[in-house]
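Mind the numbering: the sequence shown is residues 1 to 1025 in the UniProt record's numbering, read in order.
Any given hint could be a false lead.
To be verified - In the DSS-like style, the derived pairs of lysine-lysine whose C-alpha atoms are separated by at most 25 Å in a straight line are:
1. K902 x K892
2. K902 x K818
3. K53 x K33
4. K914 x K964
5. K295 x K366
In short, the hints are calculated from the structure, not lab data. Keep in mind the model is a prediction, meaning the values are calculated, not measured.
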Amino acid sequence: MKEVRALSFSKERMELFDKLVVPEEDGRVTAAKQLAQCCLDDQTDHDEEVKGKVSAGKVIKKEEEVCALAAYSCKRLIRGMSSGRGSARQGFGLALCEILKSVSKVETKTVLDLMDKTLVIEGAGKPKGGEIRETLLGRVFVYASLLKAGRLSTMKLKALAATSLLEISKKKDYLSEISFGVLMELLKTVSEKDFSILCNMAPKIREALEVELDSCQIEAFQLALWIWKAFGKQKGALKGEESFGFLYKDFDVKEIFREEFLRGLRPSLMMATSSHPRLHTVWYDLVGLIVPSFKKGTEASPEASIDDGTSNELQGFWSTIVDDGLLQSSLERKYLAMELLKRLSPLLSASDLQVILSEPMMICLKQNLKKEENYLHTSAKKCVRYLYSLMKRDSLSLESKSLLTISLKQFSSWVKGADVAFESTNESATNKAQFRILKDMFYSSFVGMEEGEEEGYDAHLLKRQKEILNQISTVCKNPNIEEDEAEEALKFFVHHAFFEFSPKTCHKMLDFPEEKREDIARNIRALPLSLNQYCFDCLVNVLASLFQRPKFSEAYMSLIEKILKLNADLSTSKQANYTRQYTQTNLDTLGVLKDARKKIQAQLKKKGDSQQRAKLNSLFVLVNHIFLLQLGELEVDFSSHANDIVAILEQMLEAGGKRKRRKLNDESAVQWNDVLLDLMLSLLSLPNQLVRKSVDSVFSSFLSDVTESGIKNLVEILQQTISEDDEDEDEDEEMDSEEESEEESDEEEEEEEEGDEGIGEGLEFPASGMKQSGKEMMEDMDVDGDEDEDSDMDDEAMFKLDSIIAAQFQMRRQMNKKRRLEELLHFKFRVLRLIETYLRAGSLDGTLTLLGEVLTSIVEGGTGIESNVLSRLSGIMSGMSQKISGEVEGDKAEAVFGLLDKSVNFVAHVGPKKRGLCPAVEVIALYALKVLSLNGCKLEEVAQLYEKALERFFVHQKKCILKKDFFIKSFQGYPSLSEKLADKLKDHAENARNQFLKAEAEAMLKGKVSKKSKKRRKRKGNKQS
């Protein structure tokens, strides 16, 4: 082509080149078509001129046959494809394609020559630095334009383009995807017969397909996959099976998703480049084989069709590539795994959705959601929110919604709006339908196991089944659940908590889904003991929620009778779980509890007062629940509890019996009352919700029988601390138990070694990313495990080992202490609930006794009570002033005043170190003052006490902990007191030593609590609630 200057063209035509780089696609398309039309018009006129010159006898060169505009446009467009400005490549490539389609005089060879001269990659004009990328990318776009224009028509041109594209893909990794993309478009124009010829003309195609699988370009795998799908076997075109062995077999998706092949492909697949938020096209090509609706541009569409089950291939892909690959690598690859989860979720059935909601995926999301400073925190939150939004789609099945609910419930504390999503899911189906779906999901999880062996039970499957059981528990706790629905769910829990099943007997007891019943029946025997125990825990939690509901009484009694029948033949039953080995002590305890239950039932059949029947009913429920726990939790010995219940029943029935009219002496009455309280406190220490609720019910029924020593016992618990002796005893117990377990395991290992010699030969253990263990450290220091005399450990290694052992013991001691402190704190809060029950429903005498014990405990000790326990205690006592009843006079009035005197003197003279104890003491003082106010007694003594306190406040203000708000509340609670001290307050207001104290005295006279104090109390109340 001849040189043409831009000045020879009109301004309107030159502006078309600027329009080719605009971001809007429509604008670029219009400009490209207009430019091509201008070139065509000019070329038509130019052809007429050429004909005239030829007829006149002039010789026309080849390059002169092309019009000036077309020649200039081709040169400028090819040169401009190396520009990264705006959308230059897209617009210039489209324009070149349109010109080549319209103007046939522009030859393909001419365009290739222009590309070699303009986009130089070798020789004198070779670009440097970042220009290399732009130039190579420009050449790819030139080949794409030639291909779209239909100019690569001959095999020679196709071989040239294929070779050049493959060379470009080798120069820069980020150019591989686009280079191979154009190459695959080129191969679509080749027939199966011509493909073999093309491979011979362009050997680099064969070279790209004959490389090691774990080090190949992932785009080469895409190319091989496309060739396999389009042309089938490739024995003629390719030689050898070094890399992609599937190319030499008939097309079958299973060949790609074999675990060995995926494991070999994983390193190359993880190197696939991606840029936010775009995925590499290899994911669409690979996953699209098993999920056809997974296509670029339709991955998150609500209207996308849901594919049928493909669990086997999807399971292999997800576990090998995502769980063991992407999620164990860099942050970018973890983000890629989240994107795959988002885009696949709406396209899968419930069975396949369960595969991609894997345990490693859930752990990754949870770890990144915990802290906002995590790099992937925002991405994880968006991923979880998107999954929540799926539950509101009508196109998603109820099974899938239930599965999402189970998997995502753990994220509700980090992602706002989760509770709404769960409610909307629950509203879409009845409790019975939800239970049916969850039960079918639970049984369907057994289908994938092999031959019912326990080795097939991996951690993820167990976790998934526990989540399903937990969701069934949530359905049972629904306030709207009907009795028959709850009874059906409880039977399900009982069966799986206490029974083992064989393929022959399971059909009689379990309601399997129709699909794959035989596979489920074969594998149901593989239920491990841990899942049996979890079913038992779910049973206990559901009972704790339902046993106090009136409409649930019949189902409750039916379940208890079923459990009693289960105990009838426990030691010889063929269906009872063989892993639960009941000792003779367990069986004796169960017998004692059954006898106690019969005694209570016999007494309930007799007529008696309502209070006595309420006590017996509460004990009856407690006995039932202890019986249930003894059946399920073999490691806990309830024999002492059972014997205490029998003793309590005998003395209680003897005290209230009509046949024996003699009354028990006070000492024996105190004995059974205190034994009952000790029994309840012992049960409260157990981490079991069912027992705790039962104890609360028993305590409420026996409030009138709580003695003064029992009240003192409750208060003493609040001051308990963990001593060093307790820690040492706890460590000794743990060491003994560990030694016993080690001895048992050693014996088992010796037996296994004798019977199975050589089993462990040839085993390979995967490398772990965990920190170096103590064993590895000892190996690094050349420590001989057999402690031979010729050990080569030097002094330095010995000292290092000593420090490691000391650090391990110190860490263990700290962890044990932290755990014991947490357990003690939880136990104190449970005791506080008993104290709250007593204060709300107890008599005035009992309340005064309890407050006296609390005050004595705080004044004399107080350091053992944690701040949050004391804060909760203050909140409980602050509401007592609304329920004061009963007359106070004589000794009782003296006792109340003594309580007030002790409280006010403590808060007026306490030091800064015990400042935290004052709010609880102030509450006691205000309660005592309220009692005296309602009875109008001890006004003179109270006035003198408060006069001294005021003197302390105004004279020693910096040392006094008391604040004006305490006095104002006191005056509001006892109006006569404010009148009595009015003159004294006026004197303080006039003669105070500074303006602050004057203002305080005036505020006391007005009787207004400060706004700051109100806000502080409101904030404190919200925090407690």
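Checked hints:
no.	hint	result
1	K902 x K892	holds, 15 Å
2	K902 x K818	violated, 35 Å
3	K53 x K33	violated, 30 Å
4	K914 x K964	holds, 19 Å
5	K295 x K366	violated, 28 Å
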